[in-house]
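When you get a sec, could you build the whole thing from the sequences and use the hints?
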Amino acid sequence: MISAPRGVKSLLYEEAVLKERIERKALALFHSHGYARVETPAMEFLHVLSKGLTADSLKKVITFSDPAGGGKPLALRSDITPQIARIAATTLASRPFPIRLCYAESVFRSHTPGTVGKMEIYQAGAELLGVSSPEADAEIISLAIESLLRMGFPSAQMAISHVGYIESTMDELNLDESHRVEIRRALGKKDGSALAGALDRAKAGGPAREAILRAPSLFGNPSVLADAATVNAGARAAVDNLLEITEDISRYGLLEKVIIDMGETRGMDYYTGVTFEGFVKGLSSRALSGGRYDKLLSLYGADIPATGFAIGIDVILDHLYRTGEPSNWASADALVTCSKGAERKAVEFAAKLRDRGMRVLRCLRCLTSDEAVNYAKSVKVGAVAAVGAEDVSAGHIRIINVKTGTERIVTEEEALARPIESLS
Amino acid sequence: MSAQITVALPKGRNLKPAVQLFAAVGLDFTEALSDSRRLIFTAKSGMGKAIVVRDTDIPTYVENGAADMGVSGSDVLTEQGKDMFEPLDLKFGYCRMMVAEPKELSEKDNPKEWTHIRVATKFPNITEAHFAGRGVQIEIVKLYGSIELAPLVGLSERIVDLVSTGETLRMNGLVEVEKIMDITARLVVNRASLKTRHEVMSRIIREMDAVLPSLNLS
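As you go down the protein sequences, you meet chains A and B in turn. Quick note: the first sequence uses this note's numbering, first residue 149, plus one each step. Quick note: the second sequence uses this note's numbering, first residue 9, plus one each step.
What the hints contain is simulated information worked out from the structure, not anything from laboratory work. This one's a predicted model, so the numbers in the text were calculated from it and none came from an experiment.
What follows is a set of in silico ranges between Cβ atoms, one per label pair, in the way DEER data are often shown:
(1) A/E163 with B/L157: 43 to 51 Å
(2) B/V161 with A/V372: 57 to 65 Å
(3) A/G217 with B/L157: 52 to 60 Å
C-beta: ideal position from N, C-alpha, C; glycine also.
Structural data, given as structure tokens:
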């Protein structure tokens, strides 16, 4: 059977153009804030990529080998951030900070059969390296919000949490990792009874237990931070950090787009500070995610703080493609066809149209009007221009609007003077 | 997405308590109890709509946002491991996930000495995780119903299944030998719905939590 593997697909026509448009909007915004484009390689050495991945993410890495490469296993990139960490730590570390980088690329992850999942995931993102201040996080979060707004989602909502809050509170209880995992999982599901059970099994008591139990209710606009219980310096620092970050976000005028969710523990992987997820109405999964990762670069040899995010271009593309307005998208503006003997005229006319910025196909053999319209329809071309037809007087061209079927005879000058779709 | 809340309700024994629960927070879908052919119901208040689906399909609807929230048994949630919030234990729909075997076998059997067993079940993931945690190797026979039959016809020696009163097991000469977990119904909520509509969704969850003890659902 000739088919593509599950979880990958080809994009054609409108969908490919829509993806390009979404990526361009993101990149244009990033560029306008001074983020420079980086293109990472599609593959890495597995042992290098895996430095920056948790055991769970590592399970999804697609590996293979290069027959000429000496046998070291290779991996398709499953996450751009560890690649940027590697690049920054090895080749950019001597440059002055901050360094601002952005990208639009695919990552590849093995997915569980039977779930709604993809193997090739399109992402676009921005990373701000070398600064640990709250202003850096506020810049990144504001950029993340702005990117969703630019893509046409006025409902964009950024849910912000902080790794340090729960982790420091758990430090206070001297919990071992297995109990921490259980508590994080219950928090991740906002499952109050499972959380209480996990704390019981961990024999956790006192103010730290109460703080963890109350974390899921620290959910809503940033004023909920005032209710946060801070049992030690780490938890206090996390709350103070969020207060500073949200204050700086308010300077961008974007604070109303922010909600605090202190109970969120999902996707903490390499994150060490603030974490965030972006949501838009109508999209059932998160549209973007990111956070501060101050330890990741040290795994690649340079102790550099960093913060950043990745937008799920694939989920946004799917959503806009399914729910967007029916587009008048055309692969080209005109198909120029001709009668026998008028080939030169047709080629010259097509060239003149292109000079005026139009996208023009030349018919490679003579077609009847009907044939030309049918072909134009199938490849999504807006209009047919027939040159040298016998029933049309010399110097005139028949213009047919492919969508409506209406046609008009105009002089060559008229045809060149106006956009071709307005002629028919 | 409309301003309405979409709720996924499970067919079967948890439908009635689920309907009572939503009615108590202003979403009245009592029509769903009398009309078993319709699949979509609108709340009398107009504030929401309900879809009635198989209990094993509830997590799929909620995870993918086809419903904002739903009611699902913790057996189904654990088995499927889908990604969503599970903010409330609704306490109704109680039963137990048990390992059972024929009475004759149990008389000379010591579960602590198991090293390799064959198990028939509707819940392969739960079964595998349970025995992996105990260091017992297992061979799973996946069935879709009438699990009790498997030991009687030699398909497996043991089964893992839900037990409520224990009557079905007894009628088939089986006894419970090990409890894996207690099962109750849970409120499940789509992640994006809770975050993008946090005020209305949080209010419903808070009200349910407050009203649950007085409803006495079973």
